[in-house]
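Colleague: Residue numbers (this note's numbering), protein chains in the order written: chain L, 1 to 621; chain R, 1 to 239; chain U, 1 to 119; chain W, 1 to 493.
Wrong hints could be hidden among the right ones.
To be verified - Chain L is nowhere near these chain U residues, computed Cβ spacing over 12 Å in every case:
| id | residue |
| --- | --- |
| 1 | Gly36 |
| 2 | Thr42 |
| 3 | Val49 |
| 4 | His55 |
| 5 | Ala56 |
| 6 | Ile61 |
| 7 | Ala66 |
| 8 | Ala116 |
| 9 | Leu117 |
Claimed, not checked - Below are the SDA-like pairs computed for lysine to any residue, each with C-alpha atoms no more than 25 Å apart in a straight line:
| id | chain 1 | residue 1 | chain 2 | residue 2 |
| --- | --- | --- | --- | --- |
| 10 | R | Lys36 | U | Lys27 |
| 11 | U | Lys113 | L | Gly407 |
| 12 | L | Lys22 | L | Leu103 |
| 13 | L | Lys98 | W | Ala432 |
| 14 | R | Lys36 | W | Ala432 |
| 15 | U | Lys27 | R | Leu4 |
| 16 | L | Lys98 | L | Phe458 |
| 17 | U | Lys115 | L | Leu103 |
| 18 | W | Lys104 | W | Pro49 |
| 19 | W | Lys359 | W | Ser264 |
| 20 | L | Lys262 | L | Gly407 |
| 21 | W | Lys26 | R | Ser165 |
| 22 | L | Lys447 | L | Arg369 |
| 23 | W | Lys26 | R | Lys36 |
| 24 | W | Lys430 | L | His153 |
| 25 | L | Lys98 | L | His26 |
| 26 | U | Lys115 | W | Glu289 |
| 27 | R | Lys36 | W | Ala192 |
Unchecked claim - Derived Cβ-Cβ restraints for the label pairs, each shown as a range:
| id | chain 1 | residue 1 | chain 2 | residue 2 | range |
| --- | --- | --- | --- | --- | --- |
| 28 | R | Met1 | W | Ile468 | 23 to 29 Å |
| 29 | R | Met1 | W | Phe465 | 53 to 59 Å |
| 30 | R | Ala166 | W | Leu38 | 45 to 51 Å |
| 31 | R | Ala166 | W | Lys443 | 33 to 39 Å |
| 32 | L | Arg148 | W | Asp482 | 53 to 59 Å |
| 33 | L | Leu265 | W | Asp350 | 56 to 62 Å |
| 34 | W | Leu38 | L | Arg148 | 42 to 48 Å |
| 35 | L | Asp482 | W | Ser352 | 54 to 60 Å |
| 36 | R | Arg3 | W | Ile468 | 51 to 57 Å |
| 37 | W | Val42 | R | Ala166 | 31 to 37 Å |
| 38 | W | Ser314 | L | Arg570 | 40 to 46 Å |
To be clear, the hints were calculated from the coordinates, so they are not data collected in a lab.
Don't be surprised by glycine CBs; every beta carbon is placed ideally from N, CA and C.
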Amino acid sequence: MSPQAILITAFAGAGLVFLAGKVHSHLRDFLAVLSSLALVGLIAWSHGQYGPDNEIVYVPDFLGMELALRLNPLAWFFAIYIAIINAASVVFSLSYMKGKEKLGFYYSMMLLVNAGMLGIVLSGDFLSFYIFWEIMSWSTYLLISYRRGPALHAGMKYIIMSLVGSCAMLVGILSLYAQFGTLQIAELGEAIAGSSSGYVLFILMAMGIAFGVKFAILPLHTWMPDAHSEAVSPFSAVLSGVLVRMGMYGFLLVMYSIVGLKTILNLGAGFFNFHYILSWLGAITIVIPTFIALLQNDAKKLLAWHGIGQGGYMILGMAFGTSLGVAGGIFHTINHGSYIALLFLVVGAVEYRTGGVRDLNRLGGLIQRMPVAFFGCLVGIMGLIGMPLTNGFVSKWFIYKTLITEGHPFLAFMAFVGTWGTILSVYKLLHNMFLGQLPEKYKEVRKAPISMQIPILFFCFVIFLFGVLPGIPLRAIQGIQDTMGFAPLQLTMWGLASGAGALNMLNICFAIVIAFAVVLLLMRLGAKPRRVPQEDSYAAGSSVPAGKYHHSVEFYNPLYQMISPYLKDRVDQFYYWAADKAQGVFELTRRIYTGYAGTYVLYIISFLALLIFLQLAWEIW
Amino acid sequence: MRRLISLLLLLIVALGIFLCFSGASFGAEGASRAGKLTEDKVNFGRRYASRGLEENKAGNIVASVVVNYRGFDTLGEVTVLFIAAVGLAAILHARREEATPSKAEPASLIVFTGCRFLFPLILLLGAYIFIHGHLTPGGGFQGGAVVASGFLLIYLGCRGRGLRSAGVAVAESLSGLAFLAVALVGLAVGGSFLLNFLPKGSAFALFSGGVIPLIYVAIGFKVGSELGGIIDNLSGEAR
Amino acid sequence: MSFLSSYIHYIGCFSLILIGLYVVLVKPNLIKVIIGINLMGTGVNLFLVTVGYIHAGTAPIFSEAAQQPEGMVDPVPQALVLTAIVIGVAVLALALSLAIRVYDHYGTLDLRKIKALRW
Amino acid sequence: MVSPILLIAVPLGLAFAIPVLGLASKRVPRYVPVIAMLFNLVVSVSLLPHALKAPIVVRTAGWAPPYSIHLVAGPLGVLLSSLIALIGLLVAVYGIDYIREGAKVKYQILYILMLVGATGVVLTGDIFNLFVFFEVLCISSYALVAYRGDSTGVEAGAKYLIQGAIGSGLVLIGIGLVYGTFGTLTMADIAANVSSVGSFRLFVSLAFLITGFGVEAAIFPLNGWLPDAHSSAPSSISAILSGIAIKAGLYAIARVVYTVYGASSILPFLAVLGIVTLLIGEMCAFGQEDIKRLLAFSSIGQMGLILFALALASATGISGAVFLIVSHGLAKALLFLASGYMIYRTGSRDISSLNGIGKRMPIMSLCFTVGAFSLIGLPPFVGFASKFTIVRAVLGTGSTFFITLLAIGLIGTVIEGAYFLRIVQGFYFKPAPEDSPEQTEGKVPFSALVPVGLLAVLILTIGLFPGIVGRVLGPAADDLLDRTAYVQHVMGD
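In isolation and in its complexed conformation, chain L is listed as follows (with noise of 0.2 Å):
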């Protein structure tokens, strides 16, 4: 299936859901699942068709240019990560965004980023992959702008550092034509290859700046809590489980198809080398906001922190440019979205249920309620965590591995203290939301309906696959790695054959079951467990009436007044005082304009006696 095909299935299918919107809403769901299940059996089809016959220029001449498209393994491998959780939330919209307003304008707006994405990984060339990723960024604008309020905030502090993203990379695009002529992917990876090494970093600071807005790198974060808790849930999903790994493909991209691992290992000198510099980015993009998202009340804000923290792995993987953990973070980046798309999408569950309800401090108890959302939390969590079984157990194996590999043991260090956060704020999500007391007023709340669950129980599945079965996606990742000139890694469909990072998951597999034998065993043959009502552990004995217990509030309140002064988003806190005193000049500059004709006369001769005494004095002609 050619790339142009996939493109206008993605573009044509927005249209026409917005269309239909307009005619009747049942054709409206039923087109945007439709078309959306319809892009992953397409780009799933067209696994394996690389080469010349889909490089296609769809445009011959826009100013001068071809944009181009092509399919590569590294290109199928995105695109099809990102059509599935795209169809996943929009099946999961099905139910959580009935009876809403707009949702002609939702379901279109979520197929028009998905469309966005779809080129950016599609395209064959610089400039097709700047319009997609534009196209992208202000569909994702919209998209986050439409639950109103204090959404319309985050959407403007969203598009405004985007936009600031934007412009960087378009110099730094624009800047790679004028140096060699073309923007083709394919041609700008052999014609860099002898260029200066400061262009080359400039060109990536350039580039960086763009991704790593969207990546949310610290200290080009802080759009992200607010985005992602703003959004809806599915889209929540989405932005956190795709689009912001946008960042992700780009870096891959630039630094590894185009400048290529030779250079980017020999940029710069000792502690200043790019990767790492790059990789000390990371590190700390892993340890704050995990510890941020530990003190998050709400469940979105806390995901959302995740988000950012766990970005920090991938780059960590990644920026060693070894084959492991660059296998390493591309797995990773998979593996975050499926279960960070999984738990926003159990928080929307939650959330639709219990009217609108995140707050983890008025939450509890919902395991009876909502079994499957709790079981999708629990799976979730546990990939997050890294848990031998589930998908980021793999990945995370084989970043710690290369760190350790390439005696970095600092960073290997601030990985795991990132990993102990992540234990412990994770357990307040799933604690505070589905275990413990179960509020009076939620004693009616009914399990999540099933187009929830299908896409629920779907990540369920694939984070165990992934984990048990990493061979799958590692296979696609090796194809990836082919196309840039790594070493191949021995793999099996177990996990790693041999090397340093050995690894095989049918082992440990086999161990946790048995180990899980055991315990059952001992349990059985222990004392019989018997069902207790709750009052009687928590009361002590005594008796409190219903309706007085104290639910699970201010969880790690003693750990907060520990750590929250170190932990201000004082990044954030700049950028606003920026904002702030920008105003102020902004509203100083308009006093030039005074209103009275006669300034504006003074400023015309002023005007005209600055030139002629600029010549007097300089000569400027």
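Dock chains R, U and W against the given chain L, drawing on the hints supplied.
Modeller: Just chains R, U and W now, with coordinates in the frame of chain L:
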């Protein structure tokens, strides 16, 4: 403070202008003294002065330049005046609707009679000026202005009387269209806008200069009616 | 010929221009500003005519065939000035009508007080 | 081939004829501008292929240049005259029903004459004739800004007139200095002789011309009139003023600097000026509460960018500038036209009162959004293609000076994005104010939907296929840059 800054700025401008004149020869005078007034090019109008008479057969070279060589400017100029008349009427339109008619005191008998006596003479003088524009100093604009001053007298002396706005509009339109039509006939006949396509006759005769008198008459009517219209509009509230 | 006598025309017309500009710059009264603009316009027109002037020249008008074109001043600036004057008249007429309307609305011609539109 | 002079003569004739036609029927005059602009559009577009081959030099009165005034319909001139006719046509259609008060017939006359002035400016080859058409454009716009006779309109008109009159006085002094030096007014003739004269006087005349034309072109310290005039005029006039009139001023500057003087060493100064104008415009626009004032300030910003691109002195840079002239013309016209009926509908120009208008006027707000996105430079709209060309040109020069200026200028783009997107957010995602009166006169008639919709479609189409305009841009840039060819075409061998 403001005065000081203004003076300072104007001083710089003045200095710049002053230094302009210190260099090479400037203007027709400078060129003539430097012996650079040549006829092969436009060069300070030398060519028009020396060949204008035979080319257009119009004694007044300025008229030749205004209507023929730089006739396109004149078209723009007429347009500007037209814009002023129309724009002024538009701006004062709302005011005319708001204004309550106030009864003006009638002019004294001497003024009244004097105006009535002078009015046709002034019209005649104006007509003379624009009809002879290609022969003597003057032309369409000057004649038109004189005609308009006749109307001004009417407003002064005979309160309550004035131009009929419909008549003014028709005169404006038709004279402007006549100018354009003459110019376009030139385009159709000789392939050049404003071409002097009529037989030029012999110089210094009334019927000479080809289209120049025709256009000047049209301009005369147009300017007269437009300035008259402006006067009419500006004095609107007096009536 | 001394500098002053050969450039006296230019000094005159540029003085007029600068005076006009000064009036526009410092006088807040709308009518005075319009007068200033007109002063400046007059100065500019004089300047244009002066550009085409030749010492002791005659008007570029033939009244008999025998007349020689040598001593004639440049006819082009005269044509230009004709245009410029007409444009000046047009601007003046519009400016006065605007002044009338401004006075209707604001009750004053002081430009410092006519500042509903600013910033 | 039709003579390009008809582009001026025919609309002028129609304008002269309106008073007579108005006597015959009250309804006819409002359709005359449509006919005039339709004619201009057809003729301009049909002239384009010829102009691309070689500039068409049209002599008047049968004398070859430099003996009489001539028109030079080069690629740039014909492209701009097509743009003028296109926007003029759409705005004329819009004006059929939009103009409801005041002297309606006179509005239509002035409207045509303003466009005639702009067309004359871009086509003429004589510097004094340039001034005359410039005055036609300016004086008709003074009148149009104030034609309703309301207090803000009159105030803005008066201020505009004062500054404009000073500006044209300065232009006239500049022309006098040029004539005194060269004894000719033909631009090509001056260009051929310009190198033979001492520089200071030339510079002073150039300074006068730049300052004078700059007043209309809204370069930074000279643009005090612009926010007032653009915001107080009727929306249809604001669209023309922003979309066309200020571009005519900029064209005049470019023509003078490039073709007549070939003054390439003052270009860095103009580039700095452009960036300053851009920043000031965007910074002032940011805090505006009045939508039309905001759009006016945004025009200042865009003019700065165009000036900056013009000052690059490379073929790509000037193509980018011309492209931005086209795209900004389309987008700004669209924004002003759309906001015109929104203001009718809500009865207020406050941005906050336009909140939630997306529900009440879906098509208008959608089109507004398209225009705003295009102005910010988001793909796939035409603004992107033009800004892209400019950035490409800057990086193509490879000079650190220009790249630094560009980096500063891009901040302006971000500010622009911020305030436009805030408005778009308000349209769709903010609740309508409680006490918003439903003005019945705000019903959008067909005659307004068509131009606004067409502009949106054009913005999208040219954005997707920039080749439509792109083919003309290169020759247009050469038209401006290549002085010797220009002189040769006009003066003959």
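Colleague: If a hint holds in the structure, say so; if it doesn't, say that too.
Modeller: Tested hints:
1. Gly36: 9 Å, violated
2. Thr42: 18 Å, holds
3. Val49: Correct as stated: the minimum Cβ-Cβ distance to chain L is 23 Å, above 12 Å.
4. His55: 29 Å, holds
5. Ala56: U:Ala56 is indeed farther than 12 Å from all Cβ atoms of chain L, at 34 Å.
6. Ile61: At roughly 37 Å from the nearest Cβ of chain L, U:Ile61 sits farther out than 12 Å, so the non-interface label holds.
7. Ala66: 48 Å, holds
8. Ala116: Answer for U:Ala116: violated, closest chain L Cβ roughly 8 Å.
9. Leu117: U:Leu117 not clear of chain L: closest Cβ-Cβ about 6 Å, inside 12 Å.
10. R:Lys36 with U:Lys27: Violated, at about 44 Å.
11. U:Lys113 with L:Gly407: Given that 25 Å is the threshold and the Cα spacing comes to 75 Å, the pair is violated.
12. L:Lys22 with L:Leu103: 10 Å, holds
13. L:Lys98 with W:Ala432: Distance of about 23 Å is within 25 Å: holds.
14. R:Lys36 with W:Ala432: 74 Å, violated
15. U:Lys27 with R:Leu4: Given pair U:Lys27, R:Leu4 holds - Cα atoms ~13 Å apart, limit 25 Å.
16. L:Lys98 with L:Phe458: Since the Cα atoms of L:Lys98 and L:Phe458 sit roughly 21 Å apart, the hinted pair holds (cutoff 25 Å).
17. U:Lys115 with L:Leu103: Violated, at about 47 Å.
18. W:Lys104 with W:Pro49: 37 Å, violated
19. W:Lys359 with W:Ser264: 52 Å, violated
20. L:Lys262 with L:Gly407: 19 Å, holds
21. W:Lys26 with R:Ser165: Roughly 16 Å separates the two Cα atoms, so the pair holds.
22. L:Lys447 with L:Arg369: 6 Å, holds
23. W:Lys26 with R:Lys36: Violated: W:Lys26 and R:Lys36 sit about 59 Å apart, past 25 Å.
24. W:Lys430 with L:His153: 11 Å, holds
25. L:Lys98 with L:His26: Holds. L:Lys98 to L:His26 sits at ~11 Å (cutoff 25 Å).
26. U:Lys115 with W:Glu289: 17 Å, holds
27. R:Lys36 with W:Ala192: 17 Å, holds
28. R:Met1 with W:Ile468: 23 to 29 Å: 55 Å, violated
29. R:Met1 with W:Phe465: 53 to 59 Å: Since the Cβ atoms of R:Met1 and W:Phe465 sit about 57 Å apart, the hinted range of 53 to 59 Å holds.
30. R:Ala166 with W:Leu38: 45 to 51 Å: Violated - the Cβ-Cβ distance for R:Ala166 and W:Leu38, about 29 Å, lies outside 45 to 51 Å.
31. R:Ala166 with W:Lys443: 33 to 39 Å: 34 Å, holds
32. L:Arg148 with W:Asp482: 53 to 59 Å: 55 Å, holds
33. L:Leu265 with W:Asp350: 56 to 62 Å: 58 Å, holds
34. W:Leu38 with L:Arg148: 42 to 48 Å: 44 Å, holds
35. L:Asp482 with W:Ser352: 54 to 60 Å: Distance hint for L:Asp482, W:Ser352 holds at roughly 57 Å.
36. R:Arg3 with W:Ile468: 51 to 57 Å: For W:Ile468 against R:Arg3, whose Cβ atoms are near 55 Å apart, the range 51 to 57 Å holds.
37. W:Val42 with R:Ala166: 31 to 37 Å: 33 Å, holds
38. W:Ser314 with L:Arg570: 40 to 46 Å: 44 Å, holds
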